[in-house]
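First to last, the sequence lines map onto chains A and B. If you're matching positions, the first sequence starts at 1 in this note's numbering and goes up one per residue. If you're matching positions, the second sequence starts at 1 in this note's numbering and goes up one per residue.
Derived from the structure by calculation, the hints contain no laboratory data. Among these hints, one or two may not hold up.
Copies of one chain are not kept apart here, so a pair can be met inside one copy or by any two copies together.
SDA-like cross-link-like pairs, simulated, lysine to any residue; straight-line CA separation at most 20 Å [as the list claims (entries may be wrong)]:
1. K238 - R323
2. K6 - D199
3. K96 - M1
4. K238 - R186
Note that the structure is predicted; figures quoted are calculated from it, not measured.
Below are the chains, spelled out letter by letter.
There are 2 protein chains.
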Amino acid sequence: MPELRKDPISSRWVIISVERGKRPSDFGMRISAKKGGFCAFCEGNEYTTPPEILAFRPDKSKPNTPGWTLRVVSNKFPALSIEGQLNRQGEGMFDKMNGVGAHEVIVECPDHNLTLSTMPLKSVEDVLWAFHYRITDLKKDERFRYVLVFKNEGYDAGSSLEHTHSQLIALPIVPHLVSEEIEHAREYYGYKERCLFCDIIRQESAARTRVISENDDFIVLAPFAPRSPFETIILPKKHASSFLPDGNFGLLAEILQRTLKQIDKVLNLPPYNMMIHTSPFKDENNEYYHWHIEIIPKLTKIAGFEWGSGFYINPTPPEEAARFMREAEI
Amino acid sequence: MPELRKDPISSRWVIISVERGKRPSDFGMRISAKKGGFCAFCEGNEYTTPPEILAFRPDKSKPNTPGWTLRVVSNKFPALSIEGQLNRQGEGMFDKMNGVGAHEVIVECPDHNLTLSTMPLKSVEDVLWAFHYRITDLKKDERFRYVLVFKNEGYDAGSSLEHTHSQLIALPIVPHLVSEEIEHAREYYGYKERCLFCDIIRQESAARTRVISENDDFIVLAPFAPRSPFETIILPKKHASSFLPDGNFGLLAEILQRTLKQIDKVLNLPPYNMMIHTSPFKDENNEYYHWHIEIIPKLTKIAGFEWGSGFYINPTPPEEAARFMREAEI
Chain A
1 MPELRKDPIS SRWVIISVER GKRPSDFGMR ISAKKGGFCA FCEGNEYTTP
51 PEILAFRPDK SKPNTPGWTL RVVSNKFPAL SIEGQLNRQG EGMFDKMNGV
101 GAHEVIVECP DHNLTLSTMP LKSVEDVLWA FHYRITDLKK DERFRYVLVF
151 KNEGYDAGSS LEHTHSQLIA LPIVPHLVSE EIEHAREYYG YKERCLFCDI
201 IRQESAARTR VISENDDFIV LAPFAPRSPF ETIILPKKHA SSFLPDGNFG
251 LLAEILQRTL KQIDKVLNLP PYNMMIHTSP FKDENNEYYH WHIEIIPKLT
301 KIAGFEWGSG FYINPTPPEE AARFMREAEI
Chain B
1 MPELRKDPIS SRWVIISVER GKRPSDFGMR ISAKKGGFCA FCEGNEYTTP
51 PEILAFRPDK SKPNTPGWTL RVVSNKFPAL SIEGQLNRQG EGMFDKMNGV
101 GAHEVIVECP DHNLTLSTMP LKSVEDVLWA FHYRITDLKK DERFRYVLVF
151 KNEGYDAGSS LEHTHSQLIA LPIVPHLVSE EIEHAREYYG YKERCLFCDI
201 IRQESAARTR VISENDDFIV LAPFAPRSPF ETIILPKKHA SSFLPDGNFG
251 LLAEILQRTL KQIDKVLNLP PYNMMIHTSP FKDENNEYYH WHIEIIPKLT
301 KIAGFEWGSG FYINPTPPEE AARFMREAEI
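Model the full assembly from the supplied sequences, consistent with the hints where possible.
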């Protein structure tokens, strides 16, 4: 019998469809082998990207020249424009504003052949530091209310460049999905006077069936009601409403890379999307929202049912996914 | 300058990204040519599907034999199970219930090589009648609150079988996206005492820039804030809260097929998803919700930004999409 499960964070129901039960080897999509060729993100080609906003240069080399270990540049084809004012206005009954925002690319390391799961751990830590510095800087811009950090790995996950990179978009409004999560978390807090996410961590830590791994500061879970097979969430164990304010990125880098290695091993280098959810700038420190990282391997297609309902059909129970992940030899 | 626009029906913001401005010929995805081979939906292979629930048989032939012009069968790999009770329960703090529901396939015509846009108009009308009959029948089952009718055309839109077909899923809960639309429509009605959708039709009919076509009963629009390029919505001009209660499907079949022909012409047979949104069974007749058909050609990928934010980046302004559609010679 399939099961309908409700995710308490998003309030979204999903169908865990055992009839269609899928093991890791049943999913066809794989990341394509890197083709090489000219790459704007490789060392020596710095002149082909917009000028760098931030770079880690252990050798003290000049901006926009070789010698870096990480670079942040503006997206060459930004979804939003960094210049201008919002100019909120109506068009009859409709609402619109100028598409003001920042759209940046974090080139995670100079080596074209590495990924977030294979690069040195120190580089993963640097990527997290880069997120932190850029968020801290963008927060000063009063036009922005939120920064969404995300990563598309592989063509089928929406990436058009194969050199490992993440992105961030600073937005003048809090995104819909984040607002929804916050609203549900706030309702829960209003009722229980406890953080929803802290309660999930407590229950999952006791049950163990959906725990993938943990270290001193973080826990990795297969959510109770995941949208897609092998969806994975990384949470700080201690309540924290905003992305790592204390800047201790060592343990996060370790568990993030371990999780990605497990995903690569179990699913054979799948394309994936990764997103950081954190509190909006206006309300950074609160008792009810708990920042986290979501990872969604791209294994199924979004089709008419999902588009029309907001429901997801997931052919792999999270308990099984968690077991495969735990047992992966990495 | 890109534009941020808010869809008043879903309350979702989208980025209309002119920097990335895309014309129809810029989109790479195409429906793959039909390969043929054994097909369970072709005439003569009725024995390979679950038994038919409904069929149109002008020659009065026996069930599950050739002679039909349209067949409805259970999905062989249903996402939900038709047997059993809901048995709502908790698992600690989580909520779940049995995955009870109906999952049916509408085989739209016997000819393997036709599509909804190329089959005889009479067959399109029959497809709409089949939706109507099945919804009417499933409504009698007290476990169900909603039927979502949808169609996935082409592999990239999630279809695994190339013979033209639609699907429906009867659900024990009203889907999230539909509830949201209803909630926003109800709020609007509470404030204005007018239907949100009727107001949109009035404004768009006057402005014309996003009108694609119309006939006596229906209007086809590019929404003000579409999630993806060439998203298209078909609405009854006169207020109606539920999918065509009067059963006059001729004019709907005509405009639906015309719209699909335009999409095929402008985008060169793209994969697409189609969904019908209607009022839930419990509240079929109301003043605030207005049933409609949504069509989303599958031209862009859902990536980390969309997964993390619920925002969509659309590289084609709907005014341009509407113009291309209007000017298509079909």
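Verification of the supplied hints:
1. K238 - R323: Close neither inside one copy (24 Å) nor across copies (54 Å); limit 20 Å.
2. K6 - D199: Intra 16 Å, inter 34 Å, cutoff 20 Å: intra-copy only.
3. K96 - M1: between (46 Å within a copy, 12 Å between copies)
4. K238 - R186: Within one copy, since 18 Å is at most 20 Å while 40 Å is not.
In the structure shown, a violation is registered for the earlier hint numbered 1 alone.
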